[in-house]
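Peer 1: Just need the whole structure built from these sequences, with the hints factored in.
Read off the chains here:
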Amino acid sequence: MSQPLLETPLCRWHESHGGRMVDFAGWKMPVQYGSIVEEHLATRRAAGLFDVSHMGRLTVAGPAAIDWLEGLLTRRVAGIEPGQARYTLVTGQAPGGGDVVILDDAIVARDEDAADGSPRLSLVVNASNRERVVGWLSSRLPAAGVRFADRTFQTAMIAVQGPRAVDVVTGLANAADAERIGGLRPYRTAVASIAGHRAGVSRSGYTGEDGVELVVDAAAAEPVWNALHAAGRPVGLAACGLGARDTLRLEAGMPLYGHELREESDPFAIGLGLGVTLDGRTFPGAERFADLRAHPRGRVRVGLAFDSKRTAREGSSVRQGGREVGTVTSGSFAPSLDRAVAMALVDRDASAPGTQLDVVVREVPQAAHVTPLPFHRRA
Amino acid sequence: MTAAMRFAKSHEWARPEGDGLVTVGISAYAVEALTDLVFMQLPEVGRRVKAGDSLGEIESVKAVSDVYAPISGEVVAVNAGLPGALETLGRDPYGDGWMVRIRPDSPAELDTLLDEVAYAALLKSQPH
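Protein chains in written order, with my numbering: chain A, 27 to 405; chain B, 4 to 131.
In case anyone wonders, no lab produced these hints; they're calculated from the structure.
You may find that some hints are simply not true.
Stated by the list, open to error - Cross-link-like lysine-lysine pairs, in silico, DSS-like; alpha carbons within 30 Å at most: (1) B/K53 with B/K12; (2) B/K127 with B/K12; (3) A/K54 with B/K12; (4) A/K54 with B/K127; (5) A/K335 with B/K12; (6) B/K53 with B/K127; (7) A/K335 with B/K53.
As the list claims (entries may be wrong) - Ranges of calculated distance between the beta carbons of each label pair, as one might list FRET restraints: (8) A/E107 with B/Y32: 53 to 63 Å; (9) A/R323 with B/Y32: 48 to 58 Å; (10) A/E33 with B/S109: 42 to 52 Å; (11) B/D95 with A/P212: 44 to 54 Å; (12) B/V48 with A/G44: 31 to 41 Å; (13) B/A80 with A/S334: 18 to 28 Å; (14) B/A80 with A/R323: 50 to 60 Å; (15) A/Y113 with B/E77: 55 to 65 Å; (16) A/P260 with B/E77: 53 to 63 Å; (17) A/A256 with B/E77: 54 to 64 Å; (18) A/T353 with B/S57: 20 to 30 Å.
Said to hold, decoys possible - From the derived model, a few chain B residues whose C-beta atoms are all more than 10 Å from chain A: (19) A31; (20) G84; (21) A123; (22) L125.
Don't be surprised by glycine CBs; every beta carbon is placed ideally from N, CA and C.
Peer 2: The following block contains the structure:
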């Protein structure tokens, strides 16, 4: 028997608003409320409201917190200022040991320092990898100086994305907080009161649109969500499920762990070199990454645009003149482009923009061409 | 829907017409469950199918599904305009949203399908 599904504090809201609930990484989550296409387009045109509470939220605090993470993450942690966030990979051993692999990708952020002056940081990790990241990091804890906690079940995370997203959020804050949120640059964070509830606010997201992600206490999730939904509806905000989240991130050319990014990936080949800072650093796997950067090899991540709406799915074979040159890692109809698109890993000599390729979809080759990522860039 | 309409458990409908042909489409439930239809492939006229064979494909944003022949026979007509107007399926799944007409090998095969009452009972047992 499988374990009962985990539920976010917004699960009842989803179920009572027509959410079509599915098992996603062990969580009961809405894939859509109505039409994925309409939810997707609402986010592009106005705003989308997403429950992303299934993602793992970990906290790291104490006088040695920065030094500890600096030795574990692929991005430099030592230079992060309070209120700043960075995209990083998490390398380490999977459960059972063995070689160091890429366990996940994550956002690491430094919050305001504690009252005693010691730093406080947070990590947001993928739901599918939370347990093994927690297990790996726990196994590396020093004897003293770091407090590490998994706060996933005590908190909720809500993403508000789209050209009207920041307006909707700031409309629920006092003047001072509204000004600070409105002035946040990408990958900057602040603490603010939203609809009367304390929220960590980050100018970030996974849709290719402007927007913020909010972390609130679990008990505040429903009132904050309801306030955002009510404030946003008049400007066209829609609650969005994981279906739209996936089509939005695909159009934005953003990788997803388990698809574009895997345990053995070469981050430089798949366009994630920005998630790795070498410079003589000593995180797990740094030597392998240094070698990969010095000697590029392996397949590279590209975008594919199709002539038809017939959609290639993960695993579809990519061919050139009958020879396999790659594999699709994610594919979908792209609502903003009204055509099918995909991301694929292909041989370097088949990766130039404009290269004509065939993708085998249900045994039938479909014409596609390599196109620069992202497919969609915000206006 | 008419009283004579029959349904397959895989959510296709089949309706005998006065001319001896059987019109086939997919049910309103199937259209609603799929949502966001983006692509459809229909068979060629003249193709012979057995009940349960794939008649074509219908693809939504999330997934691709086969459409199965509810009865055996020869495809004698296809609704060629439908793949370019998939919204028709949501508006009129039992009328303008028809997919193919089949000349049945045995009209009695229709009796092996679900009638309207039995199909409604099947839907009640589906997860929502």
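Peer 1: All the hints need checking, so say for each whether the structure fits it.
Peer 2: These are the hints, each one checked on the structure:
| no. | hint | in the structure |
| --- | --- | --- |
| 1 | B/K53 with B/K12 | holds, 16 Å |
| 2 | B/K127 with B/K12 | holds, 13 Å |
| 3 | A/K54 with B/K12 | holds, 27 Å |
| 4 | A/K54 with B/K127 | holds, 22 Å |
| 5 | A/K335 with B/K12 | holds, 28 Å |
| 6 | B/K53 with B/K127 | holds, 28 Å |
| 7 | A/K335 with B/K53 | holds, 28 Å |
| 8 | A/E107 with B/Y32: 53 to 63 Å | holds, 55 Å |
| 9 | A/R323 with B/Y32: 48 to 58 Å | holds, 50 Å |
| 10 | A/E33 with B/S109: 42 to 52 Å | holds, 51 Å |
| 11 | B/D95 with A/P212: 44 to 54 Å | holds, 47 Å |
| 12 | B/V48 with A/G44: 31 to 41 Å | holds, 40 Å |
| 13 | B/A80 with A/S334: 18 to 28 Å | holds, 24 Å |
| 14 | B/A80 with A/R323: 50 to 60 Å | holds, 55 Å |
| 15 | A/Y113 with B/E77: 55 to 65 Å | holds, 58 Å |
| 16 | A/P260 with B/E77: 53 to 63 Å | holds, 55 Å |
| 17 | A/A256 with B/E77: 54 to 64 Å | holds, 57 Å |
| 18 | A/T353 with B/S57: 20 to 30 Å | holds, 25 Å |
| 19 | A31 | holds, 15 Å |
| 20 | G84 | holds, 16 Å |
| 21 | A123 | holds, 21 Å |
| 22 | L125 | holds, 19 Å |
Against the hints set out earlier in the document, no violation occurs for any number.
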